[in-house]
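Between the sequences and the hints, there should be enough to build the whole structure, so can you do that?
There are 2 protein chains.
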Amino acid sequence: MKTLFTILLATVGCTSLAAGRLTDYVDPRIGSEGLGRVFIGPSHPYGMVKPSPDCTPSPNSGWLPMPERVDGFSQVHVSGTGGGPKYGNILIMPFATPDGMTRTTHYDRRRDETVSLGYYATHLDESDINVEITTAPRASVYRIDYPAEREIKGLAIDAGFFLGYEPIPDAREAQQLVGSQIEIDGDHAVKGYSRVRGGWNDGRAYTVYFYATTSEPFVETATWREESIGSDRYCVDMGDRTGALLRFPSTADTVTVKIGISFLSELKARQNCIDQVAGKSFERVHAELLDEWEKLLGRVTLDPATPPEQRRMFYTALYHTMIMPVDRTGECPLWNDPTPYYDDYYAIWDTYRSSMPLVTLLDPDRQRDIVNSLLTIYRRDGFMPDARSGNANGRTQGGSNAEVVLADALVKGLNGIDWNLALEAMLKDAETAPGGKEEAEGRGGLRDYIELGYIPHGTPRAGNRTVEYSLCDYAIAVVADSLGRDDVRDRYMKQSGNWRNLWRADYEHDGARGFIMPRDRRGEWLDSIPFGHGPEPRPRFVYTPVTFEGPWYTPWWSMFFYEASSWEYSLSIPHDVPGLIEACGGPEAMESRLDTFFDHGHFNVNNEPSFLTPCLYHWLGKPHITSRRVANIVAANYNDTPAGLPGNDDSGAMSSWLAFHMTGLYPNAGHDYYLIHSPLVKSATFNLDGGKQFTIKAVNFNPDKNPYIVSARLNGKPYDLSTIRHRTILDGGTLELTMGPRPTGWGKQMF
Amino acid sequence: MKTLFTILLATVGCTSLAAGRLTDYVDPRIGSEGLGRVFIGPSHPYGMVKPSPDCTPSPNSGWLPMPERVDGFSQVHVSGTGGGPKYGNILIMPFATPDGMTRTTHYDRRRDETVSLGYYATHLDESDINVEITTAPRASVYRIDYPAEREIKGLAIDAGFFLGYEPIPDAREAQQLVGSQIEIDGDHAVKGYSRVRGGWNDGRAYTVYFYATTSEPFVETATWREESIGSDRYCVDMGDRTGALLRFPSTADTVTVKIGISFLSELKARQNCIDQVAGKSFERVHAELLDEWEKLLGRVTLDPATPPEQRRMFYTALYHTMIMPVDRTGECPLWNDPTPYYDDYYAIWDTYRSSMPLVTLLDPDRQRDIVNSLLTIYRRDGFMPDARSGNANGRTQGGSNAEVVLADALVKGLNGIDWNLALEAMLKDAETAPGGKEEAEGRGGLRDYIELGYIPHGTPRAGNRTVEYSLCDYAIAVVADSLGRDDVRDRYMKQSGNWRNLWRADYEHDGARGFIMPRDRRGEWLDSIPFGHGPEPRPRFVYTPVTFEGPWYTPWWSMFFYEASSWEYSLSIPHDVPGLIEACGGPEAMESRLDTFFDHGHFNVNNEPSFLTPCLYHWLGKPHITSRRVANIVAANYNDTPAGLPGNDDSGAMSSWLAFHMTGLYPNAGHDYYLIHSPLVKSATFNLDGGKQFTIKAVNFNPDKNPYIVSARLNGKPYDLSTIRHRTILDGGTLELTMGPRPTGWGKQMF
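If you read the sequences in order, they're chains A and B. For the first sequence, my numbering gives the first residue as 1, with consecutive numbering after it. For the second sequence, my numbering gives the first residue as 1, with consecutive numbering after it.
None of these hints come from the bench; they were simulated from the model. The reader is advised that the hints may include incorrect statements.
[Claimed, not checked] Covered by chain A, according to a simulated footprint, are these stretches of chain B (three or more residues, beta-carbon under 8 Å):
#, segment
1, 179-186
2, 192-204
3, 224-237
4, 334-344
5, 414-428
6, 451-460
[Said to hold, decoys possible] Residues of chain B placed beyond 10 Å of chain A at every Cβ, according to the derived structure:
#, residue
7, Gly34
8, Tyr165
9, Met493
10, Gly497
11, Ala631
12, Asn706
[Claimed, not checked] Derived DEER-like restraints, expressed as beta-carbon distance ranges:
#, chain 1, residue 1, chain 2, residue 2, range
13, A, Asp170, B, Pro587, 20 to 30 Å
14, B, Val219, A, Thr221, 29 to 39 Å
15, B, Gly458, A, Gly586, 42 to 52 Å
16, A, Asp170, B, Gly579, 38 to 48 Å
Note that this is a predicted model, so its numbers are computed, not measured. C-beta atoms are modelled at their ideal positions from N, C-alpha and C, and glycine is treated no differently.
Next up, the structure:
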């Protein structure tokens, strides 16, 4: 009965797959080449387990395009990240070579590769083996087809592998092994763990436990410690690299390997394996993954006329937005609070602008869980994370941007959040300097920020920290206001103007006047800044609004702005755009400045601080220019190819920016409205929580001939504002945008 | 052959035991009752595993005197601590009651109890079972004698037990369960772990893994999760309490249980069990423990004429000094640096004064390892610990006293320490405020301390923090000086006078003038101080130099002084006693003040800040008064009974104070000399590293009739100084002290 049921479900899975579902439009390869660095293997939404090939030299997502060699397939990865790698734990590699049981490494070359949603397959050259991969949220499944004629049908499991190995101890952003362990359990299972510290976020040690079962028995086994292979059934943790070699019967042409993963224990990894994949065929596990995604992707349906290329871009963007952070509820080794636990925030500096708002709109329960996870992390670890991975806060990029995530959740009415606790967490960031741990959490340079109203040059990232803390202060004021904490609100609303303290009003560059520029502790503006840190005499270099990198290799972490120029950050004041326009010399000067920004190449499409800048024309009463800019940016930088993302996807940041803009909406995180511009698809319907629908519909849709919104109707009534409130969308309805060849006066008013 | 060898060794062990060894004089019960709170179970020197009975209500060491009930026997404990409990993990309890397999708790009453070094035995009333315990460094051994006539011969293993359970979530200083797991492995073994956070030092989660083997097979097993008992062979970690029930054959009258413990994994726990106790009889394990202690205790030999009571006091004091911190080298789950790893510093505030100096003198290699462990913790975790436990820094009591430990190691010439790294670690404490983690590490109130030169009232422990930071600054100056860092030395030598900034020179009390008193931020002295914290109006109470506790229940952590009065701390300036004498009004005023201190009950024998005070007469040229004070204090407060320690032993602090004074020497931590006073034993020989010996010998020894040193000879030559350098002792030789009935001019000069 059970077998029949399994086959039945597997068939259903295949049928659904064949029926042209939304999941068909997800192409995990988009953004995998070039700068995108997205994860290409199978993943459930926010899935803890992310199996993927790992190629040498180790890239952040594990994968590199053919013909790079493959070291094997490990079970935990991140997506779209820059900086040093993280994870890449518990590597398996099948082999069919005669000397297979005498080697600890079995890298091979791929003959071809198939990548689709929840599915990866490749053919290994030397061993002539076919490998297919799919996954459940917490257990991965491999189907390995060995060449029938080979005597050796083997599998290596490496518990000591991880991405980004560096022979230099404590090399910056490199992972370092703490220990590993492997144990052969009977003739169908292997268990163990990998314990690693460091990596991208310079985090504390994390442990990935596994329990792997095979459909065929072992006829020979070996284990290894470093380079020494022996017949022991286990290798106990001695702080080094361990692994196992397994040989299946020579008649075993196909072997299925199921690998449960846990951050608590091997037994929990086994339980995850039992709960999620035991007794299920490869096809059924894959079908269940597709069903999960189908439900989630179905939160937005596009017009039937939407071309496949655009569908692929759109649904893949949703997919990329929803594979991180990862849901590790019940898998936290630090506490057992009943609140949800999410890890791998990579980083909130990247995701607060568009990724988190997209999840809030499409999957509010999920975003509530993520927010509560942030608050639990604050309660237990002392600070909310900016970049958390491997159960450890690490590497603040800019500000303490979790504060904006909280304010955004508040203004969008997310339920089930303790707002007093939220304010407490925000005030911790804003009032307690994270002594000695500025790299990991809280607000570096806080003391100066509070005393001087800005961060003087000398503190790393003085520029963007000042600008972003002022935004974060606005976020605090928003939450304080809702709690009736007027004193706090007033204080932080005042502080939210601190960006002005680095505004060098008379500085001119490329026709624009007024820039965020370095300033020393005494208040003097600096035209040149010293290189590096420390008291010794240091060479200086000229700093201008287009300075991006230091003259020698300088990590972003040490520059005046993180990953940006002053041209970019000087336009990145999302909580006070009217004030910014005034500071720039008024609407006309601002329009001219924005044009210069885009036309003279100051805009950096792959950079989060500029995410909102194309929309600033809205504040000048000219949303039609926003529309034109957005359409051009998307056309020039995004497509449905492997190089279709213009920068590191940063855990879905680039992708969510695209997805919003395709619908004609874009959020300003921490505010309850969306900016309306010309959609890139004929219609998009949000299928909201509770069964309501909200549709954005373009009449006379023809982006080439009718690029502009000439009039609009909301639920049949004229609608002249260029923004729409979150609550209005939640109420359901239709926003009908009539498109035309020339801009009209539509959208002059924002509110 | 193997069996014969085992028996042989066991016999050797027994023989040595019978031969009247130093270990015979260790009585772990001394200090177990009253305030001492010492651990009474078996422990190797610095042993990771410390099995002991656990009684309800849970005390810090696990044990309480009969007739308190026994919940069972857990494997990890601390010794002599105050505050909330820690550890108490992996509880086992034999039972022989008919309903045994249906209950998760099996507490019983003790009929009698035997406690000796490395050995504990008791008889359980209800079950009529005899339990004996001994231990290896990382594995414990139990011998259980069941009553022959009982059908049920059972053992419960509770992986969810820990000391100090509080039903209130996050109750202050209470441990909280994160998760546990249990798995029956074949018919002779059980494995699992307990993961717990919080407790005394409010630490992060730690995990204690175990692997228990039994000499008899299981004929029936059950496991439980919370209150639900079932036939499953395992309970996976779901964040709750789990355990196992085992039944042995009814013919199994004696069962030996061996429990390996690890902080890495169950397999490592099993390996520890194999490496340390597999194939060894109970007697042999015990004999090996005695051999270890014999070697260590033999570093000091007392005069043959020393009465047994004094021998028991002395060797038990050495024993108590050397059971913590615990050596967990190779067991650190956070990093795998090749440096030693010690945990359970409980706390350095308690141990820097006499415990660490005693280890430095008797076992310098050990102290070097401990110092290197502190430096590795700094390098990896960001700060050296004050109180570290469960792999987490937590709860600074006073200052950042690890700095004094480093200076003490330097002036005493310990080799193999990276002094540049040491200075870096010290400067981190002294210059980087531990933002938001002041409770756990670094210097709380640092900003004020640097800006004002003192910590104003309002910051918890403003008084002792100011006083101790100034001592710590002296320690920094010492290390900086040795590295030729004159700028650092000068700055910190200047700061080491900061205690003067809280010295209220005109304040008089009980005939003394000048006290460390609370001062506000503006520099005003406070005669009354507000209760509690926060901006709201708060009741005030009068603060005087004898104020010890707040008027309502106020934890030490929030008072002006931690665990002390101003009378005590105003005399606790060990790095500048001459300056203190001057501040007190000169030698005569000081002598009168010291007399008042001791005679009017201001001295608190159980309190570390007063440890050096009896010796302050040395600085007045009157070491004979020191001798009298010390003899009286010891006579009135120390003995060889279970109530023989006058306060929490604090990981050996009280004990090491006693041991030093019995020999006639007392250290001033951070300085390279010992103060010489009348020994309490006729002679003591230090058997030093490298084979040299240094003997302190009292001629005309008769404490009642000849309480004073009247003259001295060092290696045959007259010696008139009242101190002796560490290096002089290391060179070996004899210090002959001639005792007499009346003080002479001997010892007027210190240096």
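Against the structure, the hints come out as follows:
1. Counting residues of the segment 179-186 of chain B whose C-beta lies closer than 8 Å to any C-beta of chain A gives 3; at least three are required, and the coverage claim holds.
2. Restraint check on the segment 192-204 of chain B versus chain A: 4 residues with Cβ-Cβ distances below 8 Å, three needed, restraint holds.
3. A count of 3 residues in the segment 224-237 of chain B with a Cβ less than 8 Å from any Cβ of chain A is obtained; the coverage claim is therefore met, three being the minimum.
4. Here's how the segment 334-344 of chain B fares: 3 of its residues keep a CB closer than 8 Å to some CB of chain A, so the rule of at least three is met and the hint holds.
5. Remark: the segment 414-428 of chain B is not confirmed as covered by chain A, as 1 of its residues place a Cβ nearer than 8 Å to a Cβ of that chain, below the required three.
6. Counting residues of the segment 451-460 of chain B whose beta-carbon sits less than 8 Å from any beta-carbon of chain A gives 0, not enough to reach three: the coverage restraint is violated.
7. At roughly 36 Å, the least C-beta separation between Gly34/B and chain A is larger than 10 Å, which holds for a residue marked as non-interface.
8. For Tyr165/B, the shortest C-beta to C-beta distance to chain A comes to about 15 Å, beyond the 10 Å cut-off, and the non-interface label holds.
9. Every CB of chain A is more than 10 Å from the CB of Met493/B (nearest about 21 Å), matching its label as outside the interface.
10. Against chain A, the non-interface label of Gly497/B holds: every CB pair exceeds 10 Å, the least being about 25 Å.
11. Remark: the non-interface label on Ala631/B is consistent with the geometry, its nearest Cβ contact in chain A lying 46 Å away (cut-off 10 Å).
12. Look at Asn706/B: its CB is around 56 Å from the nearest CB on chain A, clear of 10 Å, so calling it non-interface holds up.
13. Checked against the hint of 20 to 30 Å, the C-beta distance between Asp170/A and Pro587/B comes to roughly 54 Å, which is inconsistent with it.
14. Taking 29 to 39 Å as the suggested C-beta distance range, the pair Val219/B and Thr221/A conforms, at roughly 32 Å.
15. Roughly 49 Å separates the CB atoms of Gly458/B and Gly586/A, a value that falls within the hinted 42 to 52 Å.
16. At roughly 43 Å, the beta-carbon separation of Asp170/A and Gly579/B lies within the given 38 to 48 Å, and the hint holds.
In this structure, the hints that do not hold are numbers 5, 6, 13, in rising order.
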